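S.K.: The primary structure of each chain is shown beneath.
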Amino acid sequence: MDWTLSEASKQAIAEEATKYPTRRSALMPALHIAQRQFGWLSEAAIEAVAKELGVPVADAQGVVTFYTMYRTKPVGRYHIQVCQNLSCSLMGAEGLIGYLEKKLGVKCGETSPDGKFTISRVECLAACGTAPVMQVNDTYYEKLTPQKVDDLVAGWAKS
Amino acid sequence: MAGPLVLLRDLKPQVDDPRTRDLDWYVGQGGYKTAETVLKTKTPDDVIAEVKASGIRGRGGAGFPTGMKWSFVPKGDGPKYLLCNADEGEPGTFKDRLLLTQHPHQLIEGMIIAGFAFGARQGYVYIRGEFVIEAEIVRRAIAEAYAKNWLGKNLWGTGVDFDLHVYRGAGAYICGEETSLIESIEGKRGYPRLKPPFPAVYGAWGKPTVVNNVETLSAVPWILAKGGAQYAKIGTAKSAGTRLFSVSGHVNRPGVYEIPLGTPFTTILNDVCGGVSGGRKLKALITGGSSVPILTAAETEGLIFDFESPASKGTMLGSGGVIVMAEGTCMVRALMVLMRFYAHESCGQCTPCRDGTPWLANLTKMIETGQASMNEIELLMSVSKKMAGNTICPLADAAVMPAQSYATKFRDEFIAHLDGKGCPFPAWTFGEGH
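Chains as they are written, first to last, in my numbering: chain A, 128 to 286; chain B, 17 to 450.
Each hint should be verified, as a subset may be incorrect.
To be verified - Here are the simulated EDC-like pairs of lysine to aspartate or glutamate, each with C-alpha atoms no more than 16 Å apart in a straight line:
1) A:K270 - B:E448
2) A:K146 - B:E202
3) B:K381 - A:D277
4) A:K270 - B:D32
5) B:K204 - A:D186
6) B:K329 - B:E343
7) B:K242 - B:D413
8) A:K146 - B:D179
9) B:K297 - B:D322
10) B:K425 - B:E315
11) B:K164 - B:E52
12) A:K229 - A:D186
13) B:K402 - B:D413
14) B:K164 - B:D179
15) A:K146 - B:D177
16) A:K275 - B:E448
Everything labelled a hint here was simulated from the structure, so no lab data went into it. As the structure is a prediction and not an experimental result, all values here were calculated from the model.
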């Protein structure tokens, strides 16, 4: 895979860098931009971002590993992140995870062989009033029921 | 509810009407008129005096008086920064998301006024990374305000400049702590800093900085429009104004509600939220986010939702995140879920927290799954005691307060897990809640 930042990514990073007193501050936005381009952040991708901003590679790696949203391995096309914190747990988050695992044939923390689905546990999506909740890629799905999960899975199967 | 709504206006809770996020809608409500009037007719000291008179205390959790915080920023030229803390991640708390999605312009107007009050020419909204859609909504609102020249240079011809940007986090609960948020916006790992120096003197990029919660800043336009004295009339003498309470768990109508401080808990539980779900009795209550000490049902008697009443019962109003637990809820399991969270979110900088939080998580798991003896309960108490107050930031304390209070107040249940070699309560089932 080619881990070169696209011109569009470079331009977006340059624009971010204008917003802060130090270029270093643009590191987190730049990593988001790179992750959007590549899907995940390999060592080569992290290095490319670090070079673009003139930040030591080790520092960039330190930031990537500190924050859970930067992915250091690929995920499926649908990254299903189920909240397992207290309000969601009270409303059956464990059962939801089990239901998804069975339905998709994927274990938590794993990706389906066709590369379509990854299920992860996450800590608190801050949508506790509509528990149980999961985030799939950028979108929140709230007040989940078995029926809603069935409908969602049916939609994904078609895509 | 008695009194005017400051934050949500006439919106009903959880109403998702996308029009309210548009500039036209906000302007139709008199939006940005307050900022214009303030910048044209008031001095920064006037604004700080008005906010002090309102009596508003920070809505993020700590409850520090907002006007006083602003007044700590040294006078004089040079860069100063205003950071909006929208890194909402305290379990049980989901109020800021509503303001970000429904009223982004109200937040922007509040930030213009706050920046003017202590001399910040640059502001940032630090939004938790998971809130991708919310960040886009705020970005769009910022672009709308720039197009009107209500952000940028020479606002309303007053010579005042104010620039505003969105900064996205990337999944770290600790970045909601103000010094950690500052480190993060500097492009680093979110390690909390030792205080002093306080951010008002040495904050982001080494310059004077104020960090305020979304809810606090969103209340500012109302306070300046109607006057601090009017705001102080809402609520109680020591707890002024309204508050967004986010209610979750076992209630019939969970959601975000704007309620005057000083409202009895029973009113919120029964009248606003429709009572405990499934016709069950209340067992336990979290008043202000997952980190505050828990209250038993008996302790909620006479509880008022203001800053003082929870404190008199040994807990806190915190973030306004209310979690209701009905009879039949296993308190060991609840604690296990919370300890797993704090272990996951410890930044690792201080040993008592880095080593202590996973220890608490393991101990509660052992108790819940019946692999423990009295020794583990005693260890839970002693390990947590040794963590308290021994770290740079309050994350360790945030784990200790539930650990101590659950294991003390519901000790019988902890012992029942040992005696029965497992959990005596039913599973928390999926699919019955809605």
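S.K.: So, for every hint listed, does it hold in this structure?
M.R.: Hints and how they fare:
Restraint check: the Cα-Cα separation between K270 (chain A) and E448 (chain B) comes to about 10 Å, which is no more than 16 Å; the hinted pair holds. Annotation: proposed proximity of K146 (chain A) to E202 (chain B) holds, straight-line Cα distance about 12 Å (limit 16 Å). For a cut-off of 16 Å, the pair hint linking K381 (chain B) to D277 (chain A) is broken: about 31 Å separates their Cα positions. Distance restraint check for K270 (chain A) and D32 (chain B): the Cα-Cα separation of roughly 15 Å lies within the 16 Å cut-off, and the hinted pair is therefore satisfied.
Distance restraint check for K204 (chain B) and D186 (chain A): the Cα-Cα separation of roughly 8 Å lies within the 16 Å cut-off, and the hinted pair is therefore satisfied. The hinted pair formed by K329 (chain B) and E343 (chain B) fails the criterion: a straight-line CA distance of about 21 Å is larger than 16 Å. For the hint linking K242 (chain B) to D413 (chain B), the alpha-carbon distance of about 38 Å lies beyond 16 Å, and the restraint is violated. As the CA atoms of K146 (chain A) and D179 (chain B) are separated by approximately 9 Å, the hinted pair is consistent with the 16 Å bound.
With a C-alpha separation of about 24 Å, the suggested pair K297 (chain B) and D322 (chain B) falls outside the 16 Å cut-off, and the hint is violated. Proposed proximity of K425 (chain B) and E315 (chain B) is supported: the alpha carbons are some 10 Å apart, at most 16 Å. Distance restraint check for K164 (chain B) and E52 (chain B): the Cα-Cα separation of roughly 12 Å lies within the 16 Å cut-off, and the hinted pair is therefore satisfied. Proximity of K229 (chain A) to D186 (chain A) is assessed by CA-CA distance (about 40 Å); at most 16 Å being required, the pair is judged violated.
Taking the CA atoms of K402 (chain B) and D413 (chain B), the gap is about 10 Å. The hint holds against a cut of 16 Å. Restraint check for K164 (chain B) and D179 (chain B): satisfied, since their Cα atoms lie roughly 13 Å apart, inside the 16 Å limit. Restraint check for K146 (chain A) and D177 (chain B): the C-alpha separation of about 15 Å stays at or below 16 Å, so the hint holds. Annotation: proposed proximity of K275 (chain A) to E448 (chain B) holds, straight-line Cα distance about 13 Å (limit 16 Å).
Consistency note: the structure conflicts with the earlier hints numbered 3, 6, 7, 9, 12.
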